[in-house]
Structure formats: C-alpha cells, structure tokens
Amino acid sequence: MGFQELVSETEATAFAGVSSATLRRFVEAGYLQIEHDSDGLVLYSKPELEGLFGITETGVLDDYKTESIITDFDAVSLDLDQSQDGFLQQDSSGCSTTDRFDNGDNTDNQHTHKDVSEPRMRRQATIPQRTVEKITKLEREAVRLKNLVELQEKLLEMREDQIQRLKSEVDWMRKRVERSEEKSDRYQLLLLREAETIRGLVSQMNQKRPLLQRAFEFLGLLPPPAEKHHFGNVGEGTVEVESRPNGTSGSQYKKAGNI
-18 MGFQELVSET EATAFAGVSS ATLRRFVEAG YLQIEHDSDG LVLYSKPELE GLFGITETGV
42 LDDYKTESII TDFDAVSLDL DQSQDGFLQQ DSSGCSTTDR FDNGDNTDNQ HTHKDVSEPR
102 MRRQATIPQR TVEKITKLER EAVRLKNLVE LQEKLLEMRE DQIQRLKSEV DWMRKRVERS
162 EEKSDRYQLL LLREAETIRG LVSQMNQKRP LLQRAFEFLG LLPPPAEKHH FGNVGEGTVE
222 VESRPNGTSG SQYKKAGNI
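Be aware that the sequence shown starts at -18, since it is given in my numbering, and climbs by one per residue.
Derived from the structure by calculation, the hints contain no laboratory data. Take these hints with a grain of salt, some might be off.
What the hints assert, rightly or not - Derived lysine to aspartate or glutamate pairs resembling EDC-like cross-links, with alpha carbons at most 20 angstroms apart: (1) K118 with E31; (2) K135 with D166; (3) K127 with E138; (4) K27 with E(-14); (5) K156 with D166; (6) K148 with E138; (7) K164 with D152; (8) K118 with E(-8); (9) K27 with E(-8); (10) K127 with E16; (11) K115 with E131; (12) K127 with E29; (13) K135 with E9; (14) K148 with E159; (15) K164 with E175; (16) K135 with E31; (17) K135 with E29; (18) K27 with E122; (19) K27 with E9.
Start from the sequences and build out the full structure, keeping to the hints where you can.
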C-alpha cells in the first residue's frame, strides 16, 4: 500500500459504518487491501475506505463542514441582532418616519433592500443547530447506504458467478466419479474372470502332473522317485541313505538342527 494512514478493524468499522464481516467480504472480493502489524493485527487503509464508501469524494458534509455551517449561522444571527439594535436606536432617537424617507433616494433604496433581506435572513438564522446536524448526518448516511448497496450488488454478482462455476465443477466431478465407478466395476469383473481362469488352469495342472510323471517313469524317461531310509543318529546328526534304481546308494549327513 505504501505510506498511508492505517486504522484497526474496530476503527474501520466505526469509520465506514459497516460490520467486520462486511469489510472481510470486501477484502475477499478484492475491493480492499489489508496489512498486518507486528502483533498480527489487521489494518485497513483509511483513504481506501473513504474512496470505497464515498465518505469524502461524493460531497458528503464532514464534521468540520458542519461546524463551519453552524458558525456561519451564529454569525448571521449576531449580525441580525446588531442590525436590529441599531434600527431600534434610530427609531428611539426622535426622528420621524417622514424625516427618514426624506433623506434621498439612496437612503430609501438601502432601507428597502434591508426590509426585504432581513426577513429572509431571519428565517435562515432561525434554523436550529440540531436540525443542521441531523440533516448532515442523514445526507452522510444516505450516501453511505447508496454506496454500500452498490457494492453489495457487485458482491452478489461475484458470488453468483462463483456459485455457477462451483456447480459446473461439481457436475464435472460427478461425471468423472460415475465413469470411474463404471471402469472400476469392469476391472473387478475382469479380475474375477482372470482369477477363475488361473485357478482352473492350476487345478488342471495339478491333476495332469502326476499322470504325466507316472507315464514318463513307466516309459523310463524319468527315474522313479528315490526312497529315503533314515538310520540312527551319529553324534548330533542324522544319516539318510537313498536307494536308487541302479542299485547304488548315497548317504547324506544332516545336522539335527537343519532337519
């Protein structure tokens, strides 16, 4: 933001006349920028608040302008009081009305202008100060509410666009999930079929293997299975002797722990 006058969130809500939630919505929409101090406190730019809510740029009467108007009315009232006192002093000095009008055209014009302007100025001066303050506050509140309504309408439009995008994304994700579920079901069926096929093949192989093995042994293509004979323990081991078809025998010494 640069060097700007920063105010806290509490001061910003009081200054703009809106709630903290409204300020945060404007921040999310990008209408306001925030900063943080060393303690993590959220700070708002006062010029941004003024420009966003039209506090000074739309001709709203500020406090110092209100005081100036009240001061002007007080000055007008004081001038009227002094003029009225002077007019009464002239009447009490002994001069007749005829003598006053005989002083010339210039004097007549001055009194005529005075007689016309005094009632108007007197009516203006009778406006109470409270009425001026009330009008000023109402004008400020009307402009603030107008700007706030416009900003809220923009936020609603943005929210509607976001909702539409979210709906589109949800529909797309739903279709993706449905397609994934269909593919998953098909894959599961294929896996079940493959598992059944493999199970059948393994079962067939287990059934055919002994028959083939016995046939090959009968034809002499494979030696018959060796018969193993166990003898007594030798030390800590066991001696196994295999009887082979050609009459030879082999011995194998195994430790008891390796059996």
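Going down the list of hints, with the structure as the test:
1. K118 with E31: holds (16 angstroms)
2. K135 with D166: violated (47 angstroms)
3. K127 with E138: holds (17 angstroms)
4. K27 with E(-14): Holds, because 6 angstroms separates the two Cα atoms, which is no more than 20 angstroms.
5. K156 with D166: Cα-Cα ~15 angstroms, so holds.
6. K148 with E138: Judged against 20 angstroms, a Cα distance of about 15 angstroms means the pair holds.
7. K164 with D152: Holds, at about 18 angstroms.
8. K118 with E(-8): holds (19 angstroms)
9. K27 with E(-8): holds (9 angstroms)
10. K127 with E16: With Cα atoms ~27 angstroms apart, K127 and E16 exceed 20 angstroms; violated.
11. K115 with E131: At roughly 24 angstroms apart (the allowed maximum being 20 angstroms), E131 and K115 break the hint.
12. K127 with E29: Between K127 and E29 the Cα gap is close to 17 angstroms, so the pair holds against 20 angstroms.
13. K135 with E9: Distance ~13 angstroms between K135 and E9 Cα, so the pair holds.
14. K148 with E159: holds (16 angstroms)
15. K164 with E175: It holds: about 16 angstroms lies between the C-alpha atoms, which stays within 20 angstroms.
16. K135 with E31: Roughly 18 angstroms between the alpha carbons, so the hint for K135 and E31 holds.
17. K135 with E29: holds (17 angstroms)
18. K27 with E122: holds (18 angstroms)
19. K27 with E9: holds (18 angstroms)
In terms of the numbered hints stated before, the structure departs from hints 2, 10 and 11, listed from lowest to highest.
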